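Chemist: These are the residues of each chain, in order.
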Amino acid sequence: MISRRDFLQATVAASAVYGASGIGNWARLAAQQALTQDQLLDFDTMGNVTLIHVTDIHGQMKPVYFREPEINIGVGAVDGLPPHVTGRDFLDLYGIAPGTPEAYALTYVDFVSLAKGYGRMGGLDRVATVINSIRAERPDALLLDGGDTWHGSYTTLKTEAQDMVNVMNALKPDAMTSHWEFTLGIDRVNEIVEGLPFPFLGANIFDAMWDEPAYQPYEIFERGGAKIAVIGQAFPYMPIANPGWMFPDLSFGIRDERMASLVREVREEQGADLVVVLSHNGFDVDRKMAGQIEGIDVILTGHTHDALPEPVRVGNTLLIASGSNGKFVSRLDLDVRDGEMKGFRHKLIPVFSDVIAPDAQVAAVIDEQRAPFEAELSEVIGHTDSLLYRRGNFNGTWDDLICNALIDEREADIALSPGFRWGPSLIPGDAITREDIFNATAMTYPEAYRSEMTGEMLHVIMEDVADNLFNPDPYYQQGGDMVRVGGMGYQIDVTKPQGERITNMTLLKTGELIDPEKSYVVAGWASVNEGTEGPPIWEVVENYIARKERIQIEPNDTVKVIGA
Amino acid sequence: MEFTRRGALAVGAGAVAASVLPSFAFASVDDAVAAFTGGAELGEGGLTLTTPEIAENGNTVPVSVDAPGAEAVMLLAAGNPSPDVCTFNFGPMAGAQSASTRIRLAGTQDVVAIAKMSDGSFVRASNEVKVTIGGCGG
Chain A
671 MISRRDFLQA TVAASAVYGA SGIGNWARLA AQQALTQDQL LDFDTMGNVT LIHVTDIHGQ
731 MKPVYFREPE INIGVGAVDG LPPHVTGRDF LDLYGIAPGT PEAYALTYVD FVSLAKGYGR
791 MGGLDRVATV INSIRAERPD ALLLDGGDTW HGSYTTLKTE AQDMVNVMNA LKPDAMTSHW
851 EFTLGIDRVN EIVEGLPFPF LGANIFDAMW DEPAYQPYEI FERGGAKIAV IGQAFPYMPI
911 ANPGWMFPDL SFGIRDERMA SLVREVREEQ GADLVVVLSH NGFDVDRKMA GQIEGIDVIL
971 TGHTHDALPE PVRVGNTLLI ASGSNGKFVS RLDLDVRDGE MKGFRHKLIP VFSDVIAPDA
1031 QVAAVIDEQR APFEAELSEV IGHTDSLLYR RGNFNGTWDD LICNALIDER EADIALSPGF
1091 RWGPSLIPGD AITREDIFNA TAMTYPEAYR SEMTGEMLHV IMEDVADNLF NPDPYYQQGG
1151 DMVRVGGMGY QIDVTKPQGE RITNMTLLKT GELIDPEKSY VVAGWASVNE GTEGPPIWEV
1211 VENYIARKER IQIEPNDTVK VIGA
Chain B
3 MEFTRRGALA VGAGAVAASV LPSFAFASVD DAVAAFTGGA ELGEGGLTLT TPEIAENGNT
63 VPVSVDAPGA EAVMLLAAGN PSPDVCTFNF GPMAGAQSAS TRIRLAGTQD VVAIAKMSDG
123 SFVRASNEVK VTIGGCGG
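Same order as they appear, the protein sequences are chains A and B. Residues in the first sequence are numbered from 671 upward in steps of one, following this note's numbering. Residues in the second sequence are numbered from 3 upward in steps of one, following this note's numbering.
Treat each hint with caution, since some may be false.
Far from chain B, some chain A residues (derived; all Cβ distances over 12 Å) [unchecked claim]:
hint : residue
1    : L761
2    : K786
3    : D881
4    : P913
5    : P1098
Stretches of chain A that chain B covers, calculated by requiring three or more beta carbons in the stretch to come under 8 Å of a beta carbon on chain B [said to hold, decoys possible]:
hint : region
6    : 746–752
7    : 922–933
Calculated from the structure, these hints are not laboratory results. Since the model is a prediction, treat every value here as computed from it, not as a measurement. Ideal placement from N, C-alpha and C gives every residue a C-beta, glycine not left out.
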């Protein structure tokens, strides 16, 4: 049933324009000459229901570069399965020609060269144009936001997410779920939720004291003569992966039994013909959940930032992966009749910002949010000669830069930077503005600590984080990438159990193995502990970049990965 | 990640306890099970043990058991220095044979429940609960 036809249409059309230009030539073609908005939005409307999915926007209202991962290892049963396929393997798997717009949007291959040709992606004013075009064909299409929306930029931090709330409200979503939203603190979240013109869903969010549901679990919509249940699933490991003290009375978790009982409830008591889970579980957790729980038709996945050009099917459940940072919008048309999903048509729409025209109304709302901060945002702090990106299982160059800044500015032996998946990219030659620094660091617990740790403690931390990424059972993973390390190299065998994965930890400045008994000065940021002290990380990074003026990141070969 | 000494030491201590004490701990689990079952064979099914996959707070982990028709359910934390948690006894007037409590876990380990059914048979259920330093949720 999964047809490559729709997605390939764009590829074929693009190839026709480029002819046999091959790699290297096309990058010079301005994107707007080769692609058209009509081509990107072309869709043969089918069935009676349309779902529009956006997720993990991370406060990015303006177009960005976002390099997809080079290393994205799957362990256990998901080894080698999407989304754990990258680069040329990804292109081969989906039959995408190198150098095409799709290759640029979906992989890291030739990223810098293609970025120069095809330009930035996303921008919520362009996303608005895509949504409007879909609504022109299907006025009652459901727009569903997978969360990580109220976080991740300078203006989002300064306005406590009012900027994103205002812009998203202009897009008129029908429901959302959450993760980083809660790092605004529980009072602010509830203040926003009270004024929200659509439901904030989280079936797995409970009151910690009484173990009672804390937020609306689902909403029933009537569309095209069908009853559609949308069940929200927030990020399950909120109080573990992020500071629990910011929302002390809430408990999360995967809660399979809860999900199973809600699916039964919406089908049997509410008469739902279609069950959609709007999820922030992460792709592998959703894939497992789809196999454990009967009766879910569609899972709109989020959290792990994967962009897949086709649905992944688990039994009768479709898993949709819509990327991050406003780079993509997924459109899913469904034929729902007699309480069943009879057919579907899917397109992952890449939002090429130079091709899709901004919606004037939403562009004005975005400008309004940014206007008070324009001077601070646009201040140029330095320039980069290297590609700066974060996404990938191990060190990205943005984190190498942050680690270098921590070691230099905080006089540390070793630096640790969290394995976040958010943070757009900069291409060589770009100015680094204050906005760019905040795009990689903006959050509500930014203190750059400096402390002493023994080698043994460092090893415990590395093993703990590695298990949160490489535990073969996705229900035991927390969903971040590996902690980024500066000043220390190590070897990791992803196939080993916790306690045996990390070996050969080496202090780079001396070349000596880390001594378990010895203490090292460690600088880092984003501690989940209340009362952590230190300057905000963006200040550390800004001082460092201002002092260096030009940033060059050497290739990082300090992490040796085996078993993948 | 939580990079403070306190957090790391807490987990480190848990790991040490688990690695130093297994023979003692496992013998103790076996003893506790034997005392409860009288050495009877352990079956499966009819007992639902609900625990989080990853504990939000290792000091207070919600655990619930549901065993329709059971007379008693024993709960064990196999990796704790003292694995005995409690035994729920259900009288003949009990409307439902289910119970919830919160337990403290020294580190990542299996939580085990054993139910004594009304026909005198015993069933076992076990879940791994991970206790982690946390942080790094991308």
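Chemist: Where does the structure disagree with the numbered hints, that is, which hint numbers, in rising order?
Modeler: 3, 4, 6
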